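As given, the protein sequences belong to chains S and D, one line each in that order. Counting from 1, one number per residue, gives the positions in the first sequence under the working numbering. Counting from 1, one number per residue, gives the positions in the second sequence under the working numbering.
Be a bit skeptical, because a hint or two may be false.
Note that identical chains are pooled: a pair holds if it fits in a single copy or bridges any two copies.
Cross-link-like lysine-lysine pairs, in silico, DSBU-like; alpha carbons within 30 Å at most [unchecked claim]:
{"no.": "1", "residue 1": "Lys356", "residue 2": "Lys402"}
{"no.": "2", "residue 1": "Lys249", "residue 2": "Lys516"}
{"no.": "3", "residue 1": "Lys249", "residue 2": "Lys522"}
{"no.": "4", "residue 1": "Lys533", "residue 2": "Lys172"}
{"no.": "5", "residue 1": "Lys333", "residue 2": "Lys734"}
{"no.": "6", "residue 1": "Lys236", "residue 2": "Lys466"}
{"no.": "7", "residue 1": "Lys237", "residue 2": "Lys707"}
{"no.": "8", "residue 1": "Lys249", "residue 2": "Lys525"}
{"no.": "9", "residue 1": "Lys236", "residue 2": "Lys172"}
{"no.": "10", "residue 1": "Lys466", "residue 2": "Lys114"}
{"no.": "11", "residue 1": "Lys466", "residue 2": "Lys237"}
Since the hints were derived computationally from the structure, they do not count as laboratory data. Keep in mind it's a predicted model, so treat the numbers as computed, not measured.
Protein chains: 2
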Amino acid sequence: MRYFYLSAIILFSLLCSAQTEQLIQYVNPFVGTQRMGHTYPGATVPFGAVQLSPDTDTIGYEDNGQYNRRVYEYCAGYQYDDPTIVGFSHTHFSGTGHSDLGDFLIMPTTGDLKLNPGTEENPESGYRSRFSHDNETAEPDYYKVLLEDYGITAELTTSNRVGFHQYTFPEKEEAHIILDLKHGIYNYDGKNIWTFVRIENDSLVTGYRQTHGWARTRTVYFAMEFGKAFKSYGHKKYDNSIYNGFYRKFDEEQNFPEMAGHDIRAYFDFDVEGGEQILIKFAMSSVSTEGALNNLREEIPEWNFEEVKTAGQESWNEELSRIALETMNEEDKLIFYTALYHTCLTPIIYEDVDGKYRGLDQNIHESEGFTNYTIFSLWDTYRALHPLFNLIQPDRNRDMIKSMLAHYGQSVHHMLPVWSHYANENWCMIGYHSVSVIADALMKGVYTDDPDYALEACINTATYPKYDGLEDYMKLGYVPEDRNSSSVSKTLEYAYDDWAIAQIAGIAEDYQAHDKFIERSKNYKNVFDPVSKFMRPKLSNGIFRDEFDPLNTHGQGFIEGNAWNYGLYVPHEPERLVEMMGGKEEFSIMLDSLYTMQLTDEHIEANEDITHDGIIGLYVHGNEPGHHIPYLYNWTDQPYKTQERVRMICNTMYANAPDGLCGNDDCGQMSAWYIFSALGFYPVCPGSEDYAIGSPTIVSAEIKLSKRRTLKISTENQSPENVYVQEVTFNGRKLENWIIRHSDIMRGGELKFVMGENPL
Amino acid sequence: MRYFYLSAIILFSLLCSAQTEQLIQYVNPFVGTQRMGHTYPGATVPFGAVQLSPDTDTIGYEDNGQYNRRVYEYCAGYQYDDPTIVGFSHTHFSGTGHSDLGDFLIMPTTGDLKLNPGTEENPESGYRSRFSHDNETAEPDYYKVLLEDYGITAELTTSNRVGFHQYTFPEKEEAHIILDLKHGIYNYDGKNIWTFVRIENDSLVTGYRQTHGWARTRTVYFAMEFGKAFKSYGHKKYDNSIYNGFYRKFDEEQNFPEMAGHDIRAYFDFDVEGGEQILIKFAMSSVSTEGALNNLREEIPEWNFEEVKTAGQESWNEELSRIALETMNEEDKLIFYTALYHTCLTPIIYEDVDGKYRGLDQNIHESEGFTNYTIFSLWDTYRALHPLFNLIQPDRNRDMIKSMLAHYGQSVHHMLPVWSHYANENWCMIGYHSVSVIADALMKGVYTDDPDYALEACINTATYPKYDGLEDYMKLGYVPEDRNSSSVSKTLEYAYDDWAIAQIAGIAEDYQAHDKFIERSKNYKNVFDPVSKFMRPKLSNGIFRDEFDPLNTHGQGFIEGNAWNYGLYVPHEPERLVEMMGGKEEFSIMLDSLYTMQLTDEHIEANEDITHDGIIGLYVHGNEPGHHIPYLYNWTDQPYKTQERVRMICNTMYANAPDGLCGNDDCGQMSAWYIFSALGFYPVCPGSEDYAIGSPTIVSAEIKLSKRRTLKISTENQSPENVYVQEVTFNGRKLENWIIRHSDIMRGGELKFVMGENPL
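Next up, chain S with everything else stripped away, as it sits in the complex (with noise of 0.2 Å):
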């Protein structure tokens, strides 16, 4: 792997441009992409609607729609132990726990016509290559590798709805290029609705597919154009639909410039000479392949692969440029910019280049005022990636929610998403916290046009009483664990959202709204049991469930997590749960337990989406509902234990490797949750302004607040043994009870941070 390969025209514009460091020598693309990180080497541009990346299996379900392990290793396409390439489809997920997508896989190959993919086993089989770390460089939006079995060497990079690929071949030859529409991320006979591929002419093609995956009626359409003229082609249907058109007036198999089927796969014949490159130029587009191609000709005009590689790294530079970074040794800064990068990849840009989209309601939008984006995994994001946004990227973050607001606008249930992709809410896990987002961005002034209409969106979403239990939580204070599963974290995080639901009532000085939201975020004290001092699961006759083991994270009442983690989730009043749990000084011994229980395997085998290395104790950081624990100690007398705890997991969850990152990135949380630690702070209760104070590990930053302003943030006595804060001061004032607030990091300064090696 040779991740900080820089091309001679990066040198270039190294020397000539001093003022963007080359900072994408610090993005190591391939992290995360061994074991449960879940994200991909591909390449692609910030938030860009294409990612262009190698799959490396993507192994179909077995059993019509059963669980599979080994589809869920890869959501995204790529898994770095695999000795194979498959191809190159263009979209990606990064870092989630669930899939779809792999829309579109190209492969290029010589010799016999192969059109199945053939196994990592047997590679010949099919039109699969094996392929070498060795030979394989990952940068920000370039991705080169060499396909051993071709001795093709294949070179990705996009600009933002255009994958650009370029294919050397090694000698004389027959040359095909694969297109495989029935290749998908999460793939099952079936979940392919439609695909259709159309001729244009010699060197242009365009079609779409159609699919019924995790979305559950998505499109996505297409324009394809090779650099050079192809001289047959052809497709074959993997599937048993009947046609009875063409009346034995065309063979529809070979050169027929129309091919449609559920499950086709098309290739393009070329003679090529030794050393000859094919480029492809793929765009995308919700709206049509007039769309698509739109958008090809707009973006990608020549074809000049180097130019689109360096406009796409220069626009990475850009992004990575808004924190500037000292750190104690390179390892360090290789794993931050990393961590900018995957908290840069999603959500992504969802319109053509007009604006224009495909909605909930699948009728053709355009989007006004603001750019339209997807992909929102809000369980997750919600907690430290959309506040990080709101530091460093709040003019998206705002067009997020505007996004977030269309969706509502054109949702039939008329609610804000739970967990949409491409116009489509597919439902995935708990709570509504689309409410978290926007009560983070209009408190913190992010986004600021219409609270009332937020308001409404919020609260109808918060009352639709057949979501989830909702109708009973609205009813009895609580989700009654005997009429819905999960039903304790449901009420806490129903719990917290209704608190930033009040927080834009508040705002929108609705304050009926406001008062009638309070109330219900005081719900979480309805599933705390005083006895066992656990959240712990309620019947619908209010009395708690007999059966109960706050070690289980299966069928107690929680998600993903259980009564130890998951129980500790109240962020917007962490103090009256201090209190609740016993006081301070128990509450801190409960933290403590936390970190340090001995657990059994089985205990550990039973949490979701992780790396046994995810895990401290029973604290699990691979993934999202404790994200805040580290930071409770504040709460309690001792905040060292928070800087101790903060500082251990930035070392040792976080790596610049292939397994670098213990658990899911879930589209950037995982990576959030280190720019904010690294930095020394984190947004505990995103909707409040307040940040709580770790312990930095950086030696001093700079983040570009806006274009005049700028937040320097300076440590004294940084080191690794230098854990502790001894003293936080803003601006030369020195800061109370662990807590910094957005409105003042806003006006720009300094925040120092004066370490040593124990605690206050």
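Please build the complex by placing chain D on the supplied structure of chain S, with the hints as guidance.
Below, chain D without anything else, positioned relative to chain S:
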């Protein structure tokens, strides 16, 4: 059957507006609904996009895609002899011999909810109902029936793009409206690609149906509005599509506002009082549900069923009044206006109220300066239907040609339509007869816009080498039977079409193209065997195939015909045909034999698409290839035999009865033949200005040619016995050669036939 039931309002408007005669009283929509006519009795406006009609059955394919005789009977969804109605669907072909459509079946029921259609033998097993023709009424744009099993009176009318249902319930009970998206005509498992329903609110529903049938990739969107809010709703899925979303948050089947699957049936529940009516507006669009909703709101803003019906029937009176008529008896008038009605059903308007439509490339297009039409059954309709339009519907025919040219512009094959419907080329039948329609309209001054572009489109169509033997045809001058079946039919039709292209080239003043296509137009000679005096299949080695049975309609080089009847197809050079066949006398004898030959039952059975009554000797009036044959005596010395035959065909092959059509009406071609022949002339060679004189059946007629001009056709001594024309004069001048020219007619005036009981 009470097909001239007149509503109070029509009577009223009849009294008020003396200007437009109530010609709809002479239309019997049941004509052709029995046996082979393949017409539908339901409601539609002239050339209307919605054809809302009862389906009495739609037997699916039994074996994967294998031809199924019973399916064939249901091309239009309705067979007069059937005892039950399954429901009312919104799209129907008129008179075709293959099918598709039947979109969006609606059925009102009461009592227990049944979601399957049940069977004819056991209607109680499903939602269908018995009915009787005694309680059934069909008028232009109005259909009424009593659904006996429920006591519900169903009434249907339409605007252009919206179906309007009115269901009257007999007593207080629970009612259901079924919306069956699985239903379709020519359905089979896997034909539905996707179906989608969205409950916008308690009385508005949108959605779409996407099929892979005769139209390879077709999507129709709808918006459905109820006059009364439903109290609950739900659906069932009849397929194995997997959806793992919802995460147990929702019960998908009941009251969940978004339904999707390959095959779904939805239902809506109501409480109704005795005598209560449920009204439904059902709009369609090829663009989007938004487009359908716009169509609905624009075309039928109110809830007044009678108003919509009256407007629809007025538009029929207007179309029918283009020809005023005096006949020898009431029956002839009924036959004539019913035939005229059938010529105004196809092609249909295919665009939203804003001019947008989904094109052949599946992108959204806008018709600029014309109205876009679809359903072009050109192998049938170029013969007499489009020529009839040039006479009485020039504006529509101009727009149809613009629609065909738009198709060409969107075609990946760069071809004009062969047989197209709903922006799909289905490639049915042979030839490229768009060129004939264009030539005829150019020659007659109906289409004048851009002859050069029209010529380009025609030439590209006629030189696409992959199309149906064209490569060989261009190389050898004929289609060789050993490489392409129906080779003689193809050669003959290509030759005629090439002559038509030469006419266009002449108008476009491209003399090189003119000469080239005139040369190609002689290719009929290459399949003429001077020994047997038959057109005969030739092999690629230039030798006629040994095996040859001129009576056999299968495998003998012809399609839906044989050497006897199809071999007479040289419409552009009948003189040469007569000459080749041995001169006038011999040719006349041959024609006599054709009409008098005694056939075995086996030979009769082999003829497609017709009833036994559709044959006279070996002349098959129930199918198209011979439609010009009765007029060929005009090129012998015995034109009186043309007069005899034409009058005989008019009297025996058309009737005012459900079985009143002797074969498929074929989108109005059979009926257009009748209109021309009843008026006394026929376009033997579209693309030429000449009409051949026959024997009029009318007493007199007035054709509105334009606002200012009228053609009056009058007869002297007209009677059932006086079938022979003694003299024909146009504006007092005696016609020579049994020919009248279109440009003469268009000057207006009087065409006068003197009839007699003996040949001249």
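Hint check:
no.	hint	verdict
1	Lys356 <-> Lys402	both (15 Å within a copy, 29 Å between copies)
2	Lys249 <-> Lys516	between (70 Å within a copy, 25 Å between copies)
3	Lys249 <-> Lys522	between (72 Å within a copy, 24 Å between copies)
4	Lys533 <-> Lys172	neither (74 Å within a copy, 58 Å between copies)
5	Lys333 <-> Lys734	within (28 Å within a copy, 102 Å between copies)
6	Lys236 <-> Lys466	between (44 Å within a copy, 19 Å between copies)
7	Lys237 <-> Lys707	neither (55 Å within a copy, 56 Å between copies)
8	Lys249 <-> Lys525	between (73 Å within a copy, 24 Å between copies)
9	Lys236 <-> Lys172	within (26 Å within a copy, 57 Å between copies)
10	Lys466 <-> Lys114	between (50 Å within a copy, 26 Å between copies)
11	Lys466 <-> Lys237	between (41 Å within a copy, 21 Å between copies)
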